[in-house]
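Residue numbers (UniProt numbering), protein chains in the order written: chain A, 1 to 82; chain B, 1 to 753; chain C, 1 to 159.
By construction, these hints were calculated from the structure, which means they are not laboratory data.
Nothing here was measured: the structure is a model prediction, and the numbers come from that model.
Just so you know, even glycine gets a beta-carbon here, dropped at the ideal spot from N, CA and C.
Honestly, I wouldn't trust all of these hints.
What the hints assert, rightly or not - Here are some, though not all, of the chain B residues that point toward chain A, as calculated from beta-carbon distances under 7 Å:
hint	residue
1	F93
2	W94
3	G158
4	E177
5	Y369
6	P415
7	T416
8	D418
9	T600
10	E602
11	E712
To be verified - Here are some chain C residues the structure puts well away from chain B; computed CB gaps all over 10 Å:
hint	residue
12	A49
13	D55
14	D73
15	L116
16	M155
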Amino acid sequence: MTVKVHLWSGLRTLTGGQEVVEVEASTIGEMLRELVRLHPALQAPIEAGVSVSVDGRIMASDLTAPVSAEDEIYLMQRLRGG
Amino acid sequence: MALDDQKSVFKFVGTRPDRPDGLDKVTGRAKFGADVSAAGMLHGAILRSPHAHARIVKIDASKAQAHPDVKAVVTRADFSDKVPFKPGLAGEFWNVLENVMAGDKALYDGHAVAAVAATSALAARDALKLIEVDYEVLPHVTDVDKAMAADAPVIREGAADYSVPEGLHPNVVRYHESGHGDVEAGFGEADLVVEDSFTTEATHQGYIEPHACLAQLGADGKGELWCTTQGHWIAQKTCAALLGIETAQLRVTASEIGGGFGGKTTVFIEPVALALSRKANRPVKIVMSRSEVFRATGPTSSASMDVKIGMKKDGSITAAQGIFRLQGGAFPGAPGDMTAMCAFAPYNLTNVRQVGYDVMANRPKQAAYRAPGAPMGAFAVESVLDELCNQLGLDPVEVRLKNAAHDGSKASYGPTYDQIGLVKTLEEAKAHPHYAAPLKPGQGRGISCGFWFNHGGETSVSLALSEDGSAQLMVGTPDIGGSRASMALMAAEVLGIPYENIRVTVADTATLGYNDVSHGSRVTYASGLATIKAARHAVERLCARAAAKWGIPEDAVKWEDGCAVPSGPNAGDFDPLPLADITANMGATGGPISGHFEATPEGAGVSFGTHIVDAEVDPETGKTAITRYTVIQDAGKAIHPAYVEGQYQGGAAQGIGWALNEEYIYGEDGRLQNSIFLDYRIPVASDLPMIDTVIVEVPNPGHPFGVRGVGETGIVPPLAAIANAVSNAAGVRMRDLPMSPPRILAALKARDG
Amino acid sequence: MSKLHVSTTVNGDSVEFLCDPRETLLDCLRDKLNLTGAKEGCGTGDCGACSVTVDGRLVCSCLMLGVEADGKDIATVEGMAEGEELHPLQQKFIEYAALQCGICTPGVLVAAKALLEKNPDPTEEEARYWLAGNLCRCTGYDKIIRAVMDTAADMREAS
Numbered sequence: 001m002t003v004k005v006h007l008w009s010g011l012r013t014l015t016g017g018q019e020v021v022e023v024e025a026s027t028i029g030e031m032l033r034e035l036v037r038l039h040p041a042l043q044a045p046i047e048a049g050v051s052v053s054v055d056g057r058i059m060a061s062d063l064t065a066p067v068s069a070e071d072e073i074y075l076m077q078r079l080r081g082g
Numbered sequence: 001m002a003l004d005d006q007k008s009v010f011k012f013v014g015t016r017p018d019r020p021d022g023l024d025k026v027t028g029r030a031k032f033g034a035d036v037s038a039a040g041m042l043h044g045a046i047l048r049s050p051h052a053h054a055r056i057v058k059i060d061a062s063k064a065q066a067h068p069d070v071k072a073v074v075t076r077a078d079f080s081d082k083v084p085f086k087p088g089l090a091g092e093f094w095n096v097l098e099n100v101m102a103g104d105k106a107l108y109d110g111h112a113v114a115a116v117a118a119t120s121a122l123a124a125r126d127a128l129k130l131i132e133v134d135y136e137v138l139p140h141v142t143d144v145d146k147a148m149a150a151d152a153p154v155i156r157e158g159a160a161d162y163s164v165p166e167g168l169h170p171n172v173v174r175y176h177e178s179g180h181g182d183v184e185a186g187f188g189e190a191d192l193v194v195e196d197s198f199t200t201e202a203t204h205q206g207y208i209e210p211h212a213c214l215a216q217l218g219a220d221g222k223g224e225l226w227c228t229t230q231g232h233w234i235a236q237k238t239c240a241a242l243l244g245i246e247t248a249q250l251r252v253t254a255s256e257i258g259g260g261f262g263g264k265t266t267v268f269i270e271p272v273a274l275a276l277s278r279k280a281n282r283p284v285k286i287v288m289s290r291s292e293v294f295r296a297t298g299p300t301s302s303a304s305m306d307v308k309i310g311m312k313k314d315g316s317i318t319a320a321q322g323i324f325r326l327q328g329g330a331f332p333g334a335p336g337d338m339t340a341m342c343a344f345a346p347y348n349l350t351n352v353r354q355v356g357y358d359v360m361a362n363r364p365k366q367a368a369y370r371a372p373g374a375p376m377g378a379f380a381v382e383s384v385l386d387e388l389c390n391q392l393g394l395d396p397v398e399v400r401l402k403n404a405a406h407d408g409s410k411a412s413y414g415p416t417y418d419q420i421g422l423v424k425t426l427e428e429a430k431a432h433p434h435y436a437a438p439l440k441p442g443q444g445r446g447i448s449c450g451f452w453f454n455h456g457g458e459t460s461v462s463l464a465l466s467e468d469g470s471a472q473l474m475v476g477t478p479d480i481g482g483s484r485a486s487m488a489l490m491a492a493e494v495l496g497i498p499y500e501n502i503r504v505t506v507a508d509t510a511t512l513g514y515n516d517v518s519h520g521s522r523v524t525y526a527s528g529l530a531t532i533k534a535a536r537h538a539v540e541r542l543c544a545r546a547a548a549k550w551g552i553p554e555d556a557v558k559w560e561d562g563c564a565v566p567s568g569p570n571a572g573d574f575d576p577l578p579l580a581d582i583t584a585n586m587g588a589t590g591g592p593i594s595g596h597f598e599a600t601p602e603g604a605g606v607s608f609g610t611h612i613v614d615a616e617v618d619p620e621t622g623k624t625a626i627t628r629y630t631v632i633q634d635a636g637k638a639i640h641p642a643y644v645e646g647q648y649q650g651g652a653a654q655g656i657g658w659a660l661n662e663e664y665i666y667g668e669d670g671r672l673q674n675s676i677f678l679d680y681r682i683p684v685a686s687d688l689p690m691i692d693t694v695i696v697e698v699p700n701p702g703h704p705f706g707v708r709g710v711g712e713t714g715i716v717p718p719l720a721a722i723a724n725a726v727s728n729a730a731g732v733r734m735r736d737l738p739m740s741p742p743r744i745l746a747a748l749k750a751r752d753g
Numbered sequence: 001m002s003k004l005h006v007s008t009t010v011n012g013d014s015v016e017f018l019c020d021p022r023e024t025l026l027d028c029l030r031d032k033l034n035l036t037g038a039k040e041g042c043g044t045g046d047c048g049a050c051s052v053t054v055d056g057r058l059v060c061s062c063l064m065l066g067v068e069a070d071g072k073d074i075a076t077v078e079g080m081a082e083g084e085e086l087h088p089l090q091q092k093f094i095e096y097a098a099l100q101c102g103i104c105t106p107g108v109l110v111a112a113k114a115l116l117e118k119n120p121d122p123t124e125e126e127a128r129y130w131l132a133g134n135l136c137r138c139t140g141y142d143k144i145i146r147a148v149m150d151t152a153a154d155m156r157e158a159s
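Using the sequences plus the hints, can you model the full thing?
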């Protein structure tokens with residue numbers, strides 16, 4: 001299914017100005033793979049580590065978590081704690 | 001998980017029993033990092049650069065090696081050469097290696113350049129003097145703004161990652177920009193726009209226990225490491241990579257930990273001790289001195305920030321913008337991105353933009369310190385808010401309530417908030433007697449909100465029942481503030497056996513699956529969730545044994561108050577079967593009964609707090625006294641309220657130190673001037689008042705009992721709350737931390753012209 | 001450097017050890033006598049984690065040489081409890097959650113005991129100034145001060 005991924009604005013330079021990217025995916029892992037396929041420049045930030053917010057719930061690392069067309073999805077910088 | 005599934009009535013959770021490690025810790029029996037030794041043990045010591053930036057031309061250790069007491073000398077050549085360098089944080093193992101033992105260049109005052117192992121601690125210290133190092137001293141920079149300037153010396157080419165826009169100095173290694181709406185349009189709608197600049201200095205976590213370890217590594221590649229750490233699996237993984245051995249061959253045991261606050265989430269001396277041990281073929285112990293802790297372990301970032309906020313006369317914010325430049329030492333990692341993402345997170349904003357820079361300078365590699373990056377940003381943002389309230393004649397709590405983020409608000413960093421507790425903390429603040437108490441002349445009051453992302457992380461927990469009905473719980477997160485008590489409470493709640501019948505152990509890396517570090521306020525959340533699930537797993541197996549005994553289906557048995565009971569009248573008529581009756585002969589009814597949980601829980605939920613501070617400024621000396629302090633924070637559900645209060649109080653006290661006294665002071669020569677506790681002054685008992693706490697409980701939907709982490713958020717509001725109180729007391733806006741007496745005197749003088 | 005022979009009393013026991021004249025009393029307690037209750041937090045007398053009493057006087061054992069202990073009467077945290085019976089301060093610290101990581105606790109307890117022996121009825125301010133030489137980074141001192149004040153009240157009632 002088609003999911004809408006919101007990027008942080010600093011990534012716009014890597015997606016030709018797009019801040020929302022639509023990809024075909026049913027899990028976070030598929031979604032990240034598709035993002036890189038459509039916008040190869042996104043490989044660097046994704047490799048450096050990202051978290052994904054799905055309907056306000058921040059996933060730090062779970063690639064298997066499901067995503068769907070109704071979800072509000074945000075790519076975020078990987079969180080680091082103290 | 002839906003909130004409906006959440007447990008809300010408790011028997012054990014929410015009580016305040018004695019902690020299980022209490023007796024060991026009040027009698028001196030508890031074993032911390034430096035409290036062990038081994039037969040044949042050598043003592044290690046590390047030679048450190050006296051220069052802020054220098055090329056290492058030559059290291060001649062021949063005299064040290066020839067000394068009869070010296071059994072090994074190591075330099076960078078004794079570590080793996082297979083650790084890849086990559087830009088930004090992608091090559092973090094290389095960054096750590098470069099930090100624990102310098103390569104071509106010494107990058108800061110205190111950077112390790114060589115190490116020795118000798119027969120006594122004194123002999124090792126003496127032997128360092130026998131090592132000759134030729135340095136070619138290079139220009140250095142320690143200030144964040146100067147490190148970004150065009151003429152700044154370059155610390156390392158190629159360290160910047162993909163995110164850095166063209167045209168910035170090579171010392172800028174990461175860049176973050178986010179937000180939504182149109183800030184320029186928003187500023188245009190404002191009745192008042194305040195724009196100001198702020199700085200904070202680097203502070204140290206200041207844990208009282210210096211780093212210490214005991215290492216053994218043989219020629220067979222098998223090793224043992226005992227160390228004080230917030231995470232022994234990350235220590236295992238990192239040391240293995242740096243030494244070029246297999247992860248599983250290194251067993252790491254976490255000692256009792258004498259404070260960490262983020263500073264013990266990485267390694268410093270551990271790989272060095274292992275390298276020395278491998279070379280000497282004997283166990284090696286290294287204990288840092290306090291001065292080494294200050295010079296060579298992670299302080300926080302220092303920061304330089306510009307914040308602009310527009311407000312209408314009624315107190316509503318029309319737009320907010322922040323630029324946050326964080327200096328993180330000679331390596332990538334300063335959390336400018338976190339500062340940016342947290343800075344405006346408490347507020348429901350239509351127009352917001354935030355920019356964060358990660359900047360390198362000739363200082364030690366920054367390490368996490370409680371909500372890393374968030375306190376600085378909150379200081380700048382909440383100071384500007386206070387100024388807006390003052391200029392518009394508005395009440396600071398009302399203004400924050402008017403703009404507060406709530407369930408369904410769009411966060412400044414993007415997503416929509418789920419259930420959050422900020423409004424509740426502000427309502428509690430408004431209703432608190434502290435907020436209505438009159439101030440004496442010379443006193444001022446300050447308010448600040450604070451936000452932090454909490455974290456889940458990889459978690460493994462194992463619970464084993466004994467024949468007598470007691471339980472052993474093995475967790476993998478070092479206990480930094482009483483977590484064994486919380487874990488036992490949660491297990492008792494599920495199993496229905498007394499708290500005292502559960503023994504909680506922090507297991508070593510060989511006896512449990514991987515666990516992420518005790519950081520990100522994750523322990524009570526993630527290890528707690530894992531404990532509950534492991535206990536439920538054991539309960540399922542207990543019910544199955546009861547079902548077999550009674551000859552009824554497993555789903556016809558439920559667990560109540562420590563006993564298996566038939567699930568309803570149709571299941572049959574059997575007396576409740578207590579846990580101990582099932583375990584008594586478990587070996588003969590199917591084998592030992594244990595419960596496990598291994599996963600990466602992803603529902604930590606975000607956390608908010610509001611602080612109220614009264615401060616009194618002495619106009620003669622410039623000294624500030626904190627006269628009253630109240631912390632209000634959302635805990636979701638407080639498992640052991642006494643230790644939740646302790647986290648709140650400790651965070652506030654550290655914030656008071658950061659705001660008023662603590663700072664890294666560098667000389668013109670780039671050397672740290674205050675590397676002992678006499679000169680780096682953390683708050684002492686006579687500096688502080690009692691610290692009142694209010695525990696707000698807005699359950700976290702992502703935890704079976706509603707827990708939110710509480711460890712970090714408590715240090716986010718203090719800098720701003722105290723700066724606001726001091727500014728209001730002194731009648732002059734304080735923009736630079738720490739607000740030390742000389743700085744306050746200078747501000748008072750400037751105010752009076 | 002040749003070592004010196006030291007005879008002293010620690011927690012009521014007669015002990016002997018050989019030490020380098022540069023070694024501190026703290027080094028000797030920890031490394032020669034395996035009494036690791038006293039901790040080294042700073043080595044400069046600023047943190048109080050190494051607090052012990054010498055002939056009844058509260059000192060930082062990192063600021064005293066091992067050789068100076070000869071003939072003295074030393075008391076450390078390991079000697080605070082009498083058999084299984086904890087000192088009231090030890091009991092109260094557990095009850096009040098007056099410790100988090102616990103590294104400063106031995107020093108704080110030794111110092112607080114010395115305070116109550118000298119002044120059984122301290123004000124909060126007196127307790128705070130007496131304990132100002134014992135750094136704690138975890139607690140903000142709130143629960144420590146409450147535990148000390150409440151122990152003092154209990155001990156006054158009991159005596």
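Evaluated hints:
no. : hint : result
1   : F93  : violated, 14 Å
2   : W94  : violated, 14 Å
3   : G158 : violated, 14 Å
4   : E177 : holds, 4 Å
5   : Y369 : holds, 5 Å
6   : P415 : holds, 4 Å
7   : T416 : holds, 5 Å
8   : D418 : holds, 4 Å
9   : T600 : holds, 6 Å
10  : E602 : holds, 5 Å
11  : E712 : holds, 6 Å
12  : A49  : violated, 6 Å
13  : D55  : holds, 20 Å
14  : D73  : holds, 18 Å
15  : L116 : holds, 15 Å
16  : M155 : holds, 16 Å
Checked against the numbered hints listed earlier, the structure breaks hints 1, 2, 3, 12; every other hint is satisfied.
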